[in-house]
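If you read the protein sequences in the order shown, they are chains V and Z. If you read the first sequence in this note's numbering, its first letter stands for residue 12, the second for the next number, and so on. If you read the second sequence in this note's numbering, its first letter stands for residue 85, the second for the next number, and so on.
One thing to keep in mind: the hints can contain errors.
As the list claims (entries may be wrong) - For lysine-lysine, the following DSSO-like pairs were computed, each having C-alpha atoms within a straight-line distance of at most 27 Å:
id	chain 1	residue 1	chain 2	residue 2
1	Z	K116	V	K148
2	Z	K88	V	K148
3	Z	K88	Z	K123
4	Z	K88	V	K131
5	Z	K88	Z	K116
Since the hints were made in silico from the structure, they are not lab data.
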Amino acid sequence: MSDQYDVTFIEQDERSAKFLVRGITPAFANGIRRAMIADVPTLSVDTVRVIENSSVMFDEQIALRLGLIPLTTPDDYRPEETVTLAIDVEGPATAYSGDLVSSDAKVQPAEEHVPIIDLKEGQRLELEADAELGYGKDHAKHQGGVAVGYRHLQRVELGDERGEFAEDDPEIIRGVIEDAGASETSRAAGDGGELVETASFDNDLGNRYPDRNVSVEDVPNAFVFDVETDGSMSVDDLVLSAVESLRTRADELEDAVQL
Amino acid sequence: MSYKCSRCKRDVELDEYGGVRCPYCGHRVLLKERSRDIKEVNVN
């Protein structure tokens with residue numbers, strides 16, 4: 012395997028991205044996916060000190076809800092550091108994640124409108140919460156990547172013209188295709204073809220090429236990743252630290268095993 | 085130990101001789117109030 016991988020972005024946002032990676036094995040692709048879910052540390056509430064809780068839920072239930080609120084995680088945090096968040100809401104009102112006041116301006120709830128609990132007249136929630144770094148493999152609250160997956164890149168080649176009385180079955184495919192027949196220029200270039208999301212033609216190749224026969228094949232060692240974060244970090248940071256953790260563990264293994 | 089009478093809603097201190105009974109209205113149902121201590125909970 013080479014040191015350089017060919018990465019093409021298909022879609023890129025702060026919190027979600029879709030990108031094509033060429034030249035990696037299926038095992039490596041799955042390694043990256045697993046690292047994104049389980050091996051990238053994020054901050055989450057770990058200990059809660061309840062000062063007053065006259066709401067209808069137990070302290071433990073509220074603590075669990077606080078733990079599941081994603082917090083923005085700056086990359087300079089060390090595992091033993093803690094951030095304190097405080098909340099004080101009096102009913103009638105709903106306590107939202109946005110009501111949390113953080114001791115570190117860089118650590119904030121990723122979403123302001125996560126409801127913690129609905130408080131009625133006379134009920135009050137006042138507490139302090141300590142957030143710590145942790146890994147997704149230890150607790151789901153520390154998962155940075157929440158909807159992470161990959162698919163093979165599929166290559167679509169155009170065949171001959173379809174007969175007038177050919178059957179009209181839909182040709183459903185999902186993901187991203189490498190369209191060899193999309194344009195004269197891409198065919199002339201000889202490599203690959205235009206990258207098209209199947210959603211753009213309703214996942215049915217029959218819509219895109221109504222009167223041509225097509226053949227669809229997986230492109231070997233090319234994977235389209237679909238990554239979404241919970242907001243604790245950007246997709247770029249998530250993918251890079253996942254790959255970094257994979258590299259660190261590979262180095263550790265190399266040091267530990269003497270051949 | 086501080087309790088609250090469920091009928092007259094007044095705070096009640098129990099001693100060992102009086103039995104479980106509100107000294108103000110004689111009601112026998114008392115509610116235990118939540119402690120004012122700060123309670124520490126682990127998230128897991």
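To see whether the hints hold, each was checked on the structure:
1. Z:K116 / V:K148: At roughly 41 Å apart (the allowed maximum being 27 Å), K148 of chain V and K116 of chain Z break the hint.
2. Z:K88 / V:K148: violated (46 Å)
3. Z:K88 / Z:K123: holds (21 Å)
4. Z:K88 / V:K131: holds (21 Å)
5. Z:K88 / Z:K116: Since the Cα atoms of K88 of chain Z and K116 of chain Z sit roughly 6 Å apart, the hinted pair holds (cutoff 27 Å).
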